[in-house]
Amino acid sequence: MQKKFSVGKRFLIGVPYVWLLLFFVLPFLILLRISVTDMGSGVNPFAPLIDTTGGSWRLMLEFKNYISIFSDGDASSGPTIYVDAYKTSLKYAAFTTLLCLFIGYPFAYFLARCKPSVRPALLMLVILPFWTSFLLRIAAWKGILADQGVLNNFLLWLGVIETPMVMLYTDVSMLVGMTYVYLPFMILPLYATLVKMDLRLLEAAHDLGASPFRAFWLITVPLSKVGIVAGCMLVFIPAVGEFVIPSLLGGAENIMIGRVVWDEMFSSNNWPRASALSVVMIVLILVPLALYYRSKDAAEK
Amino acid sequence: MNATRFFEKYTSRFWLVSVFIFLYIPLLFLVVFSFNSTRQDGVFTGFSLRWYEALLSDSRLVEGFWLSLKVALLTGTLSVVLGCFAAFVLVRYKRFTGRTLFYGMVNAPLVMPEVIIGLSLLLLMVASQRLFGFPERGFVTLVLGHTLLGMAYATTVIQSRLLEADRSIEEAAMDLGCRPIQVFFLVTLPSIAPALVSSWLLTFTLSFDDVVLSEFLSGPGVTTLPQVIFSYARRGVNPSIYAAATLLIATVSLGIIAYSLYTLRQQKKLTSGLG
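Residue numbers (our numbering), protein chains in the order written: chain F, 1 to 301; chain Z, 302 to 576.
Please note that the accuracy of each hint is not assured.
Below, simulated DSBU-like cross-link-like pairs (lysine-lysine); rule was C-alpha separation at most 35 Å, straight line [unchecked claim]:
hint: 1; chain 1: Z; residue 1: K395; chain 2: F; residue 2: K225
hint: 2; chain 1: F; residue 1: K225; chain 2: F; residue 2: K9
hint: 3; chain 1: F; residue 1: K9; chain 2: F; residue 2: K296
hint: 4; chain 1: F; residue 1: K115; chain 2: F; residue 2: K64
hint: 5; chain 1: F; residue 1: K196; chain 2: Z; residue 2: K310
hint: 6; chain 1: F; residue 1: K296; chain 2: Z; residue 2: K395
hint: 7; chain 1: F; residue 1: K196; chain 2: Z; residue 2: K371
hint: 8; chain 1: F; residue 1: K115; chain 2: Z; residue 2: K395
Simulated coverage check for chain F against chain Z, where a stretch passes if three residues somewhere in it have a Cβ under 8 Å from a Cβ of chain Z [claimed, not checked]:
hint: 9; segment: 13-25
hint: 10; segment: 30-36
hint: 11; segment: 91-103
hint: 12; segment: 126-140
hint: 13; segment: 145-151
hint: 14; segment: 195-203
hint: 15; segment: 260-267
Source of the hints: derived by calculation from the structure; they are not laboratory data.
Every residue, glycine too, gets a C-beta built ideally from N, C-alpha and C.
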């Protein structure tokens, strides 16, 4: 009986464990390995790390893929396209996070103050677009924001503008698209913390003479800090690696790092550089992630 | 005070309504312009069903649909099974060698950019093909990639349900002489069934909608529906994809109506049973 149970337990742990080692950890190790190979000399990217030919042991590591990301050997030409792409990615991710926070915080706040009977329905309405294709909704924005698109035609008809505005393939379309996609990721954690808040605290603040604004700033905001941090992470991290939105709504100068990795892999066939670019991207994401887990741990204590 | 109340009430209404408009405008756009009579999407020129005809006779879209459906059905099922295993391990076994690593591996795909998951899996597939001669890039690699991501989501959903489940019922079953496997199938599984259903739907949808992983993992001649839509959308206006979107929106809406009716009936049953 006891033995049977332990076999079952081993099976239960073993199946997902082996699966994850095989399809998550191993691919990542291969990625790291390929990021330090030299592609130029026709070396097999899967060759062993230690070269034993010729009797002596040599460690085959090549860091030039990493160096070439940050400098192209010509100091006068400014930052490389890769550095530019990282900067663009971080810039859009940061602006998207701020916009989502600005739009999402009041929304989540008001939603949490609605009558309890209507809240589930409204929350459902926030989640509902999720279940229809994300790609198609982005494609729709392309039609809405085009020069001859619905929004321009509508504004022309209203007489607000005289000539169509150029919105598609600019910062405007990028930020609209990214904010649109990531807004629910900001709203849901904010709502979850705001709805749990004890409203008597605000009454107490009012009785003690605090203005509504002061009470909001000194009570509501600190109490929702966990939600703010979680929402910002859920928006910022995937936004850095965004691939589809810049392809559909971005212009030639809005190239983000996800796209560059794809191009290096499939257009230039430069696997080591694509791998090195990915490793740097992970490092960029790990920093805010570490901060997030630290604040989460602090909140739990 | 009354003035602030008044102000807050109307700001609240305004903000809620504006954000909902923002969230639903693209859906409205897709539905309206799928019935447009011309190709342009700035003006509605008249009602027609021509884009629905174009959609059904477009073999790339139709084949992509069947492929995506097959991939998503398999991905949903595999993800739920693996997610169920992983959630069980995380909730029930607090102490075993390598638990920290396990925890990290389960959650990492959720925060990893999809581009990197796609790239590293592609490198694995290429390495394995060089060593063992399989798998060909295509159906198998798509399912593997989608399931890796789907499992992480399924684990999170099932885990939270499992944490709430009442263990004393399981213990009672054990005391009454059930074997562990019977306890699992007769007690535990029914109690987490709603989480299994919702995680299956979630992973199915994720897979059916995925572009990034598929762009890395599909092979020549194997294109999922989102990949076809992605390439059409990049090239320019093609209302056939609006028609596809409208069909999708209709399906999802019907599903949600059916689900609401079902839960409403369950609730009624429950209250009348109690009364």
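Okay, which hints does this one fail, numbers in order? 2, 4, 7, 8, 11, 14
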